[in-house]
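Place chain B on chain A using the hints.
Protein chains in written order, with the numbering used here: chain A, 236 to 500; chain B, 12 to 270.
This list has only true hints and no planted wrong ones.
What follows is a set of in silico ranges between Cβ atoms, one per label pair, in the way DEER data are often shown:
id : chain 1 : residue 1 : chain 2 : residue 2 : range
1  : B       : A155      : A       : P256      : 27 to 37 Å
2  : B       : D170      : A       : F363      : 50 to 60 Å
3  : A       : Y424      : B       : K127      : 53 to 63 Å
4  : B       : I92       : A       : P256      : 30 to 40 Å
5  : B       : H90       : A       : L246      : 24 to 34 Å
6  : A       : C439      : B       : R202      : 50 to 60 Å
7  : A       : F238      : B       : D79       : 26 to 36 Å
8  : A       : T336      : B       : R202      : 30 to 40 Å
9  : B       : S182      : A       : G402      : 19 to 29 Å
10 : A       : A479      : B       : N248      : 51 to 61 Å
11 : B       : H90       : A       : Q403      : 28 to 38 Å
12 : A       : R400      : B       : H90       : 19 to 29 Å
13 : A       : A411      : B       : G77       : 35 to 45 Å
14 : B       : G109      : A       : V263      : 20 to 30 Å
Straight-line alpha carbon distances no greater than 25 Å define the calculated SDA-like cross-link-like pairs of lysine to any residue that follow:
id : chain 1 : residue 1 : chain 2 : residue 2
15 : A       : K490      : B       : G84
16 : A       : K496      : B       : F33
17 : B       : K131      : B       : N203
18 : B       : K228      : B       : S244
19 : B       : K93       : A       : M236
20 : A       : K490      : B       : H88
21 : B       : K131      : B       : K197
22 : B       : K93       : A       : H239
23 : B       : K93       : A       : V328
24 : B       : K93       : A       : S340
25 : B       : K93       : A       : A479
26 : A       : K490      : B       : D34
27 : B       : K93       : A       : T336
28 : B       : K45       : B       : R91
29 : B       : K197      : B       : T105
30 : B       : K230      : A       : L493
31 : A       : K454      : A       : I360
32 : B       : K131      : B       : G146
33 : A       : K496      : A       : T322
34 : B       : K197      : B       : E157
35 : B       : K130      : A       : P332
36 : A       : K454      : A       : R282
37 : A       : K496      : B       : N58
38 : B       : K127      : A       : P332
39 : A       : K490      : B       : L80
40 : A       : K496      : B       : I92
Please keep in mind that the hints were generated in silico from the structure rather than gathered at the bench. Ideal Cβ positions, reconstructed from N, Cα and C, are used throughout, including at glycine.
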Amino acid sequence: MNFHTISALVLRYLFLYTRTPMRLVELVFWPVVDLVVWGNVTVFIQRNTNVAFGNEILFLLGAMILWDILFRAQQGVAISFLEDVWTRNLLNVFVAPVRTTEYVSATFIVGMMRITVTAVVLSLISWFGYAFNVFQLEWWLIPFFANLMFFGWSLGMISTALILRWGQAAESLAWAIPFFFQPVVAVFYPVQDMPAWSQPIAWCFPPTYIFEGMRDVMKTGTMNWNYLWMSAGLNVVYLALAGALFLWILNLTRKRGLLTKFATQ
Amino acid sequence: MSAAPPDTREVILEARELTREFDGVKALDRFSFKLHRGEVLGLLGANGAGKTTAMNCMLGLTLPTGGDLFAFGLPLHQHRIKILQRSNFSSAYTALPGNLLVRQNLIVFARIYGVKEPKKKIAELMELLEISHLGDRVTGQLSAGESTRVNLVKSFLNDPELLMLDEPTASLDPDIADKVRKVVRKVQRERNIGILYTSHNMRDIEEVCDRVIFLHKGKIVCEGTPTDIVAQSSSANLEDVFIKIARDGEVIEEPAKQP
Chain A
236 MNFHTISALV
246 LRYLFLYTRT
256 PMRLVELVFW
266 PVVDLVVWGN
276 VTVFIQRNTN
286 VAFGNEILFL
296 LGAMILWDIL
306 FRAQQGVAIS
316 FLEDVWTRNL
326 LNVFVAPVRT
336 TEYVSATFIV
346 GMMRITVTAV
356 VLSLISWFGY
366 AFNVFQLEWW
376 LIPFFANLMF
386 FGWSLGMIST
396 ALILRWGQAA
406 ESLAWAIPFF
416 FQPVVAVFYP
426 VQDMPAWSQP
436 IAWCFPPTYI
446 FEGMRDVMKT
456 GTMNWNYLWM
466 SAGLNVVYLA
476 LAGALFLWIL
486 NLTRKRGLLT
496 KFATQ
Chain B
12 MSAAPPDTRE
22 VILEARELTR
32 EFDGVKALDR
42 FSFKLHRGEV
52 LGLLGANGAG
62 KTTAMNCMLG
72 LTLPTGGDLF
82 AFGLPLHQHR
92 IKILQRSNFS
102 SAYTALPGNL
112 LVRQNLIVFA
122 RIYGVKEPKK
132 KIAELMELLE
142 ISHLGDRVTG
152 QLSAGESTRV
162 NLVKSFLNDP
172 ELLMLDEPTA
182 SLDPDIADKV
192 RKVVRKVQRE
202 RNIGILYTSH
212 NMRDIEEVCD
222 RVIFLHKGKI
232 VCEGTPTDIV
242 AQSSSANLED
252 VFIKIARDGE
262 VIEEPAKQP
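One chain only, chain B, in its complex shape:
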């Protein structure tokens, strides 16, 4: 594989030799990567590959047992609040409190993030995600697609420079998933956001991610643009690559690393 030219954009998230053990089992094993400003990096792998653990470490929910994490050049655990003010997160597996109205939830988070003119900001984002009509609905009564889009509104509230999206299109129908992908890409390009993106949906990855990292048993097994990875693994598509890695643990003899 020919080495890609070095990315000169600012590194906004970096893991160095990140390791996380649970009862002697390494969920992450000396995992290193860099995410640049304006880049969408997909983190892929089968269940248990280490994606969620990696994201939890980056969110400060789980402390690594080894290695270092930096965001915006700052050590993550010493500057957690400062970093979280410039970041945001959305997951298909977390929800905003179901017993409040959508608008109430968003107001609370807008205030937490110190958003100026929160009502205006919320209205703009709800319009962008085509959910302006949901403001007075009870959050717990929303459909999966509506709930995902409300979560995305929350994650865009503070104009994050770094966004972590954990399977944002999980359980969405193809139409809504397509809309979500397009909005994420639009906002990402307009605001030059760096996004760390996990998904089991290879269509998502091909459409949204500039670069992907495949994890297997906590280790990187291949890395590159979706097109390059498919070409170098002699696979028909990214889904084939995924299946090969999930079953055999490797797909390319010599994993390519970004300089």
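Okay, chain A solo, but in the shape it has when bound:
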């Protein structure tokens, strides 16, 4: 891998943000709207329930912020790719000496940058607006963020592979795919309160362990290490599978001559 190539591709995405500040607003606008809605729901529940549950319910805000990490990581990959499709730049990139790994790495880095911006804004608003300090999760925040980001990257590669195969007709998947998983990865409720049939499914996905772990830390101050190992292990599997799917579809589009359609769409 050539780091100059990766930095050049990252620079191209950064130029986009400096050229069109509205993109920065988009980075912040929807997460803030979500946070305000969930914050107000939390305040409402706190005022109408007992003190113990009122404190516990704060995990909704933590869940919302962590979910956004996953979503932004996925978007970083999928939207960066779509930017190249929209601007008809994809062919320029594919006929330049850019390895697939370099291209994907650049989208990962852009995803990390998007996460950082969103996470900082949400943390500040939740702290000042709703007295929820995400840093009460202490050092656990780092593996939580990392594991959710890895799963977001996997979903990003899957979204990108599907767009490559089916063209811009599949564009809406870039936004929809994370939400296919949201109901089953126990973001806003514990696994034990999910329908019995869906619980084994929930444990198949890395984010479930992170959201369960977050609730544990907030409730007891301790973390079940097995959750972290399981999440990390599953992430390795999902990243490998998503990477293989992306490469397989990229190769398939080359074989079928479909790549050139992105020049004229």
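The following block gives chain B in isolation, referenced to the frame of chain A:
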């Protein structure tokens, strides 16, 4: 037709029996050619003749269903990155991202190609193509002529030894087209670049290409210098040859092949 003497220059791009099928239809049918260093080879043919498919195969965008491709003596698909570092491409049908400034786009590609002193290089090339004033313009707001010249700057950034130009003068007015042809020829001669050139503009071909290949339904129907082809086909000019081939599929009874 008398056989041309063998070209002793280094072969920088070679297709051997290149075949590409789409749903059973052969877009390229055992297409073979050699491009030498310092040579401008025109790839001509009507729409659907196989030019774009050939170029896409050579760029690694489409995989051939048969045959082999080599650049600088290396198999193209195994050494794609190494080959692309020494090559470049420009097409009237692709654009640099329209939402960035011209200078930003060129900086990004200069870095991708690992250009030393990218700002200096970009300034030199923009001056050569007479577009120094466009650096701070939004790429998407350029005219067709300006956009073509910006694309050419991008394609010259890495001092390519092999350049593929897909209809570089399409949609340009005669004045700009003339300037583009002259610059391409100047840079090509100064740097001894091998260029694969497609165009529907026969003036382009006559002025820029040393040798041309006419394709019809994915097959070579004639090959030679523009002057020889016109003479041997008893046509008035290259445009007549083009029309005959597009309508009848052949123009010279026995197509001449380069040894």
